[in-house]
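Asker: Chain residues, written in single-letter form:
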Amino acid sequence: QKEVEQNSGPLSVPEGAIASLNCTYSDRGSQSFFWYRQYSGKSPELIMFIYSNGDKEDGRFTAQLNKASQYVSLLIRDSQPSDSATYLCAVSTAGQNFVFGPGTRLSVLP
Amino acid sequence: DAGVIQSPRHEVTEMGQEVTLRCKPISGHNSLFWYRQTMMRGLELLIYFNNNVPIDDSGMPEDRFSAKMPNASFSTLKIQPSEPRDSAVYFCASSNPGLANGQFFGPGTRLTVL
Numbered sequence: 001q002k003e004v005e006q007n008s009g010p011l012s013v014p015e016g017a018i019a020s021l022n023c024t025y026s027d028r029g030s031q032s033f034f035w036y037r038q039y040s041g042k043s044p045e046l047i048m049f050i051y052s053n054g055d056k057e058d059g060r061f062t063a064q065l066n067k068a069s070q071y072v073s074l075l076i077r078d079s080q081p082s083d084s085a086t087y088l089c090a091v092s093t094a095g096q097n098f099v100f101g102p103g104t105r106l107s108v109l110p
Numbered sequence: 001d002a003g004v005i006q007s008p009r010h011e012v013t014e015m016g017q018e019v020t021l022r023c024k025p026i027s028g029h030n031s032l033f034w035y036r037q038t039m040m041r042g043l044e045l046l047i048y049f050n051n052n053v054p055i056d057d058s059g060m061p062e063d064r065f066s067a068k069m070p071n072a073s074f075s076t077l078k079i080q081p082s083e084p085r086d087s088a089v090y091f092c093a094s095s096n097p098g099l100a101n102g103q104f105f106g107p108g109t110r111l112t113v114l
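First to last, the sequence lines map onto chains A and B. Number 71 in this note's numbering belongs to position 71 of the first sequence; there are no gaps in the numbering. Number 57 in this note's numbering belongs to position 57 of the second sequence; there are no gaps in the numbering.
This is chain B alone, in the form it adopts within the complex:
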């Protein structure tokens, strides 16, 4: 299994630009999670999907952030317009429901907004 795949691995952009992060979950996993990690705030859950349906988006910081999951094998997280405070590492993770099923993380996208 290839694991969770994220792209790009690094993104440098200027304030005000649109940023799109992409994720392919592990095949067969029906839950997908987007996290943001910074030194100051640690690992924060932004949104999660179950069977392609957004279940909890209470962690999305503001309307500039949006996420979609058009099918079971692809999700996007979009920031428009981006701001310097959005600079962080963004992780995608996938799992299946169940007591013994933890999340498996992708390699992350390091976003820098200048």
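One chain only, chain A, in its complex shape:
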């Protein structure tokens, strides 16, 4: 059974701080890793993907992958109240067999 784990939160950070969201996965054969943002009452929205070890930056977002430790994280710099949402980690093999984590609820306090 493939598993993806995340702290459910809520994770509260002050506006302007760095928010760090973590995810671990059980299947060593996993190849691609995705972060989705889901606002309350809305559908998940893809914000980042990574498939090579190391860091990948896109604006205020940085995804970090460590396949040896089976760990992927998302850093949000200069957090804004509009970043308050649930962040879902998803893991897949070649674009198939997606497994989602339970999500971490982030609250950015003004």
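There's no promise every hint is true.
[To be verified] DSSO-like cross-link-like pairs, simulated, lysine-lysine; straight-line CA separation at most 27 Å:
#  : chain 1 : residue 1 : chain 2 : residue 2
1  : B       : 24        : B       : 68
2  : A       : 67        : A       : 2
3  : A       : 2         : B       : 68
4  : A       : 2         : A       : 56
5  : A       : 42        : A       : 2
6  : B       : 78        : B       : 68
7  : A       : 42        : B       : 68
8  : B       : 24        : A       : 42
9  : A       : 56        : A       : 67
10 : A       : 56        : B       : 68
11 : B       : 24        : B       : 78
[Unchecked claim] A short, non-exhaustive set of chain A residues, derived as facing chain B with CB atoms under 8 Å:
#  : residue
12 : 44
13 : 49
14 : 109
[What the hints assert, rightly or not] Chain B stretches covered by chain A per the calculated footprint, using a threshold of three residues with CB under 8 Å from any CB of chain A:
#  : region
15 : 13 to 23
16 : 39 to 52
Think of the hints as simulated: they come from the structure by calculation, not from any bench. Ideal placement from N, C-alpha and C gives every residue a C-beta, glycine not left out.
For chain A, the structure is supplied; the task is to place chain B on it using the hints.
Answerer: Relative to chain A, chain B alone:
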């Protein structure tokens, strides 16, 4: 691109009734996924199709649930008979295979079974 389209957006029905949810994937995507989301269980994969063929339906909760994809641009998820515990938000998502290709979700159908 219009994105993934789902209908209806909201459905309220009585226990025992048949419910049909519809999805139109993004044009050109050859994988389609049906998910169910609840507060208690999170986002659960029900079934996914690749090139209109069901690949993995192990997440379908029981025989009351069935899904079809008669062509590349349309899929249905049917619940018959519906029960109150089926109340949830049902999402359809589509993608193409590939390391960098994530799933794109539709707006969801909020189902309430009374």
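Asker: Each of the hints needs a verdict: does it hold here or not?
Answerer: We went through each hint and held it up to the structure:
no.: 1; hint: 24/B <-> 68/B; verdict: holds, 12 Å
no.: 2; hint: 67/A <-> 2/A; verdict: holds, 15 Å
no.: 3; hint: 2/A <-> 68/B; verdict: holds, 25 Å
no.: 4; hint: 2/A <-> 56/A; verdict: holds, 25 Å
no.: 5; hint: 42/A <-> 2/A; verdict: holds, 26 Å
no.: 6; hint: 78/B <-> 68/B; verdict: holds, 9 Å
no.: 7; hint: 42/A <-> 68/B; verdict: holds, 25 Å
no.: 8; hint: 24/B <-> 42/A; verdict: holds, 18 Å
no.: 9; hint: 56/A <-> 67/A; verdict: holds, 14 Å
no.: 10; hint: 56/A <-> 68/B; verdict: violated, 38 Å
no.: 11; hint: 24/B <-> 78/B; verdict: holds, 15 Å
no.: 12; hint: 44; verdict: holds, 5 Å
no.: 13; hint: 49; verdict: holds, 5 Å
no.: 14; hint: 109; verdict: violated, 23 Å
no.: 15; hint: 13 to 23; verdict: violated (count 0)
no.: 16; hint: 39 to 52; verdict: holds (count 5)
Consistency note: the structure conflicts with the earlier hints numbered 10, 14 and 15.
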